[in-house]
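Enquirer: Each residue of the sequence shown is one higher than the one before, counting from 1 in the working numbering.
In short, the hints are calculated from the structure, not lab data. A quick note: this is a predicted structure, and the numbers were derived from the prediction, not measured. It is possible that part of the hints are untrue.
Said to hold, decoys possible - Taking lysine-lysine pairs in the DSSO-like style, the calculated list, with each CA pair at most 30 Å apart, reads:
1. K179 to K120
2. K60 to K207
3. K45 to K127
4. K222 to K198
5. K237 to K221
6. K7 to K23
7. K222 to K207
8. K163 to K7
9. K110 to K24
What the hints assert, rightly or not - Here are the simulated distance ranges between beta carbons:
10. P130 to K168: 16 to 24 Å
11. Q109 to K163: 19 to 27 Å
12. D224 to R124: 35 to 43 Å
13. G203 to K7: 38 to 46 Å
Every residue, glycine too, gets a C-beta built ideally from N, C-alpha and C.
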Amino acid sequence: MKNYNIKEILKSDQAIAFSNYLKKLNNDLTFEIIFPKKLWPNIEKEQPDEAMQYINQHHKVFQDSTENDFGIDYILGASTSADCWIHIKNGKDEIVGYATNVFYKINSQKVNFFRVTFFKQSIRQLKIYPYLQDLRINIFPSNFIFSRTQNPVVYKIFSRFFKLYGLKIAPSLNGFDSKCIKVARSLGFDVDDNLIIKNAVRGIVAKNTPFIEGEIDTLWKKIDLNNGDVYLVVGYK
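Please model the entire structure based on the sequences and the hints provided.
Expert: Put into structure tokens, the structure is as follows:
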């Protein structure tokens, strides 16, 4: 991770736009950025009370967002492995949405892994996602963006998002560059030739996972959500 200067990040166009949009929605909505491995270098092995206060809130957001619960251990792994947390807060203490990112560098290639994103249902329809994504991509500009998902709506959003940044998307019915698979496997992602990770999670994560007709539906017929399959969605140049 190159840039730990939160003050500088908060001066960026993306951070300012995000903050202004949240204030426009509700004056009590704010966001914060935390680099957990900087604050707690041993967080993957030992979680201090301060870190667990955040992680317990991550768990609550997950439960509300997905109407499901895989237990605190599932959240613990996703949160402690991350290089960056972004919290959307209502008031001083309540986290109502959060995102985590993991940053990789392999040879000369940088990969920004959008690890998880969950919003409480109270803010899900407020169109916050694009502002959050803009901030995440600019904290760690990369050659590749990775995200695991079972949700075709998320794929559709990433498709639009990548297009804005001049990136192609994989998987795609039009085919994609095999370098996406090569980079993913080199980082330990157990993808098949369609960028599917079999049995990655415990069945369907979100009970309200939608279905979309058309091209995206064709892609989604290749994965078994009940088996816990996910797509590794990749943005690349």
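Enquirer: Taken at face value, is the distance from the CA of K23 to the CA of K7 at most 30 Å?
Expert: holds (19 Å)
Enquirer: Check the hint pairing K163 with K7 against an upper bound of 30 Å on the C-alpha distance.
Expert: Since the Cα atoms of K163 and K7 sit roughly 29 Å apart, the hinted pair holds (cutoff 30 Å).
Enquirer: Checking one constraint from the list: CA of K222 to CA of K198, max 30 Å. Satisfied?
Expert: Distance ~11 Å between K222 and K198 Cα, so the pair holds.
Enquirer: Between D224 and R124, does the beta-carbon spacing fit 35 to 43 Å?
Expert: violated (26 Å)
Enquirer: Determine whether the Cβ-Cβ distance between Q109 and K163 falls within the hinted range of 19 to 27 Å.
Expert: Because 21 Å falls inside the window, the suggested range holds.
Enquirer: Holds or violated: K222 with K207, Cα cutoff 30 Å?
Expert: Within the cut-off at roughly 19 Å; holds.
Enquirer: Within 30 Å, alpha carbon to alpha carbon, are K60 and K207?
Expert: Roughly 16 Å separates the two Cα atoms, so the pair holds.
Enquirer: Mind checking the alpha carbons of K237 and K221 for me, to see if they're no more than 30 Å apart?
Expert: holds (26 Å)
Enquirer: Is the Cα-Cα distance between K45 and K127 30 Å or less?
Expert: Not satisfied, since the Cα-Cα distance of roughly 36 Å exceeds 30 Å.
Enquirer: Is K179 close enough to K120, meaning Cα to Cα at most 30 Å?
Expert: violated (35 Å)
Enquirer: Hint says 38 to 46 Å; check whether the CB-CB distance for G203 and K7 agrees.
Expert: holds (42 Å)
Enquirer: Verify the CB-CB distance for P130 and K168 against the hinted window 16 to 24 Å.
Expert: Holds, since P130 and K168 (Cβ atoms, about 19 Å apart) stay within the stated range.
Comparing the model with each numbered hint stated earlier shows that hints 1, 3, 9, 12 do not hold.
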